[in-house]
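Those protein sequences? They're chains A and B, same order as listed. By our numbering, the letter at position 319 of the first sequence is numbered 319, and the numbering carries on one by one without gaps. Heads up, our numbering is the position in the second sequence plus 421, with the first residue counted as 1.
Treat the hints with care, as some may be off.
[As the list claims (entries may be wrong)] Listed next, with one range per pair, are the computed distances between beta-carbon atoms:
| id | chain 1 | residue 1 | chain 2 | residue 2 | range |
| --- | --- | --- | --- | --- | --- |
| 1 | B | A664 | A | V263 | 25 to 33 Å |
| 2 | B | L542 | A | G261 | 50 to 58 Å |
| 3 | B | A573 | A | R11 | 49 to 57 Å |
| 4 | B | L542 | A | V263 | 48 to 56 Å |
| 5 | A | R313 | B | L542 | 39 to 47 Å |
| 6 | B | L670 | A | P251 | 54 to 62 Å |
| 7 | B | L660 | A | R266 | 29 to 37 Å |
| 8 | A | L329 | B | A573 | 28 to 36 Å |
| 9 | A | E215 | B | R449 | 49 to 57 Å |
| 10 | B | R575 | A | S115 | 43 to 51 Å |
| 11 | A | R266 | B | R453 | 57 to 65 Å |
| 12 | B | V649 | A | G180 | 44 to 52 Å |
| 13 | B | A458 | A | D177 | 24 to 32 Å |
[Stated by the list, open to error] Stretch-level coverage of chain B by chain A, calculated; a stretch enters the list once three of its residues show a Cβ under 8 Å from a Cβ in chain A:
| id | segment |
| --- | --- |
| 14 | 513–524 |
| 15 | 570–579 |
| 16 | 632–645 |
If you are wondering where the hints come from, they were derived from the structure by calculation, not from laboratory data. Since the structure is predicted, the reported quantities are computational estimates derived from the model, not experimental observations. Glycine residues also receive a C-beta, built at the ideal position from the N, C-alpha and C atoms.
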Amino acid sequence: MGIKVLGVNHRTAPLEVRERFAHGAHEVPGALARVLAAGASGGVLLSTCNRTEFYLVTDDELPPLDTVWSLLGERLTAAPSGGAREYGYIEHDRDAVRHLYRVSAGLDSMILGESQIQGQVRDAWEASRAQAGPVLHRLFQTALHVGSRVRTETELGMGTASAASAATQVAGKIFGDLAGRHALILGAGDMAELAATCLSDQGVQITLVANRTQERARAIAERLGGRAVSLEEAWAYFATIDIALCSTAAPHAVVTWERVGSVIARRRGRPLCVLDLAVPRDVDPAIAQIENVFLYDVDDLQTVAAQATARRRDEVPAAERIVEEETDLFWAWYGGLGVVPTIKELRSRMEQLRAAELERALRQLSALSPEDRARVEQFSQSLMNKFLHQPTLALKAAAEEGHGYGLLEALRRLFGMEPPA
Amino acid sequence: MIVTLHLVALALYALATALALAPFMGFRSTPRALAIAFPCAGAAAHVVALSQLTLVGLGPALSMLALCLVLLQLASERLLRGSAVSFFAAPLATGLVGLAVLSGLSPGTEIAASRTTWLALHVALSVLGLALMALAFIAAALYLLQFRELKARRFGQVFQLFPPLERLDRLNRFALVAGFPALTVGVLLAVGYGARFSGGAGLHVAKAQLVWGLFTWVVLGWAVWVRVVRRWDGRRAALASIAGFSAVLLVYVALKLVQPGAARFL
Chain A
1 MGIKVLGVNH RTAPLEVRER FAHGAHEVPG ALARVLAAGA SGGVLLSTCN RTEFYLVTDD
61 ELPPLDTVWS LLGERLTAAP SGGAREYGYI EHDRDAVRHL YRVSAGLDSM ILGESQIQGQ
121 VRDAWEASRA QAGPVLHRLF QTALHVGSRV RTETELGMGT ASAASAATQV AGKIFGDLAG
181 RHALILGAGD MAELAATCLS DQGVQITLVA NRTQERARAI AERLGGRAVS LEEAWAYFAT
241 IDIALCSTAA PHAVVTWERV GSVIARRRGR PLCVLDLAVP RDVDPAIAQI ENVFLYDVDD
301 LQTVAAQATA RRRDEVPAAE RIVEEETDLF WAWYGGLGVV PTIKELRSRM EQLRAAELER
361 ALRQLSALSP EDRARVEQFS QSLMNKFLHQ PTLALKAAAE EGHGYGLLEA LRRLFGMEPP
421 A
Chain B
422 MIVTLHLVAL ALYALATALA LAPFMGFRST PRALAIAFPC AGAAAHVVAL SQLTLVGLGP
482 ALSMLALCLV LLQLASERLL RGSAVSFFAA PLATGLVGLA VLSGLSPGTE IAASRTTWLA
542 LHVALSVLGL ALMALAFIAA ALYLLQFREL KARRFGQVFQ LFPPLERLDR LNRFALVAGF
602 PALTVGVLLA VGYGARFSGG AGLHVAKAQL VWGLFTWVVL GWAVWVRVVR RWDGRRAALA
662 SIAGFSAVLL VYVALKLVQP GAARFL
């Protein structure tokens with residue numbers, strides 16, 4: 001059995017593809033069930049705006065991996081000849097562990113060192129807990145620890161660099177001073193709240209729109225000195241607002257040409273900054289064709305935010321060292337995972353063999369006194385222990401160094417033991 | 422002394438130009454204090470030079486125009502809290518000072534004392550109007566470049582270094598509205614001067630100057646009218662400013678071509 005990660009991220013797939021691969025929390029159990037049914041013994045699905053990754057415990061056989069690619073491929077309307085795997089990557093064993101640790105530390109993020117990913121890793125683990133299995137359970141637990149270590153022991157997360165802060169920067173490049181401007185925030189999730197707070201700090205008047213969580217929207221709006229309205233009331237605001245920030249969990253575009261095209265026309269050329277932080281996107285890209293509309297999606301904002309991370313790059317070597325250290329520790333644990341049961345099984349087999357051979361020998365030596373019989377039995381016991389001592393030590397040492405997995409495989413083959421379940 | 426001071430100003434403006442263009446060529450941005458210090462020092466030398474000069478003739482007028490531009494650049498950069506205006510203004514001012522030195526800084530012909538004040542006032546106000554029109558052009562050009570980058574979602578040097586769209590739009594509007602009265606008075610002085618003093622050999626020059634002055638006034642008036650009365654703003658207003666300034670430059674070149682040797686014609 002090995003650990004594998006396969007999926008797509010912001011480096012391998014454009015936003016148009018990533019938003020199709022994005023899985024809502026309610027879709028995770030179903031997707032993992034399919035992969036587990038294909039032969040994987042554990043799985044976790046990490047789906048964020050930058051990545052959709054399946055972490056699996058599986059052997060080298062292909063079915064679970066093929067299932068992942070076909071599961072993703074089904075979401076593409078116009079799939080390339082190679083299907084979803086043309087956008088993807090796959091990492092095995094130690095590299096897969098290192099990959100997750102780098103993701104959790106923010107080293108693999110579009111905005112270097114961003115902290116939101118740690119919460120997303122935790123959410124993915126929680127959502128997949130029933131299907132993760134002990135190895136991935138441990139892997140994700142340690143990944144969160146690695147993320148925390150990197151953020152406390154290095155300055156990788158210093159300064160403010162987030163899509164929300166970038167949203168404020170981009171709006172500032174259109175309007176200059178943001179004080180007194182009016183923003184409409186669609187959505188009441190964490191990202192919407194963070195962005196609304198950033199804008200409010202600049203003196204922007206906030207109106208929050210929520211379809212499902214009106215209570216939360218009202219609470220956030222109250223805290224920011226704004227107001228909350230329903231989705232039906234929201235469209236008319238596009239004639240007067242300066243900034244529209246969208247971050248809903250809707251699976252399709254919410255702000256469409258049909259809904260706001262005629263309203264925006266009433267602005268008489270006044271600029272409108274539309275910031276779409278959602279994946280899948282909330283705003284129909286056709287809206288950007290209107291001359292006075294400046295539309296930015298999550299990739300644009302992350303590009304802007306990433307420019308603020310130049311100083312963080314100096315911290316990358318220290319963060320990578322932590323990742324490497326923790327990968328070694330996990331791999332040692334993982335390598336040692338099968339050692340104890342294998343040694344137990346080996347000893348049990350040897351004991352059965354010894355007992356059988358001793359019985360056979362003693363039958364032929366029936367003239368021996370009880371004291372001599374005890375001596376022979378002690379001799380057989382001692383001989384077996386001597387034979388097993390060195391292999392046991394070598395296995396344990398290899399496990400501690402993280403090489404136990406290969407040695408175990410060899411041992412099982414040599415002694416004809418069944419592979420572990 | 423006048424030429425030396427002009428050369429000092431020229432060198433300092435050239436340095437300011439290099440500093441303004443450096444970030445766009447991949448070099449690190451200069452500290453703001455240094456980016457302001459060079460044009461300030463250049464303007465100081467320039468003011469001393471111009472105070473010793475009669476503001477009549479091509480050289481002095483070009484020199485005056487360059488100084489107005491640099492002063493407006495410094496003022497607008499304080500307003501915009503950025504150094505983007507120098508991206509256009511610094512090379513333009515450097516070129517104008519260079520041209521002024523090359524074309525000679527003496528008035529060319531002797532002017533009677535009674536006419537000097539009249540002419541100096543005319544030149545100063547016209548040049549101020551032209552400089553403000555150039556500033557409106559620069560603000561409009563910066564606006565269009567920033568607009569294009571923002572629409573195309575490009576976040577490079579232009580996005581980082583250029584001021585926000587609305588500030589550029591305000592600067593363009595201010596430059597046009599402030600430039601119009603200055604140019605109007607400048608043109609009126611020219612018309613009055615032409616009626617009172619011109620005649621004989623100087624008449625052709627005065628005519629060309631009048632045609633260009635009136636044309637510039639009409640163009641600037643149109644740009645102000647579309648902004649103030651028709652309430653154009655943003656990209657449309659920026660395009661109008663650029664079209665107006667380009668037309669003024671083209672007519673100037675055309676008149677220079679049909680009036681060779683018109684040394685006193687700006």
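Would you list, in rising numerical order, the hints stated earlier that this structure does not obey?
3, 5, 7, 8, 10, 11, 12, 14, 16
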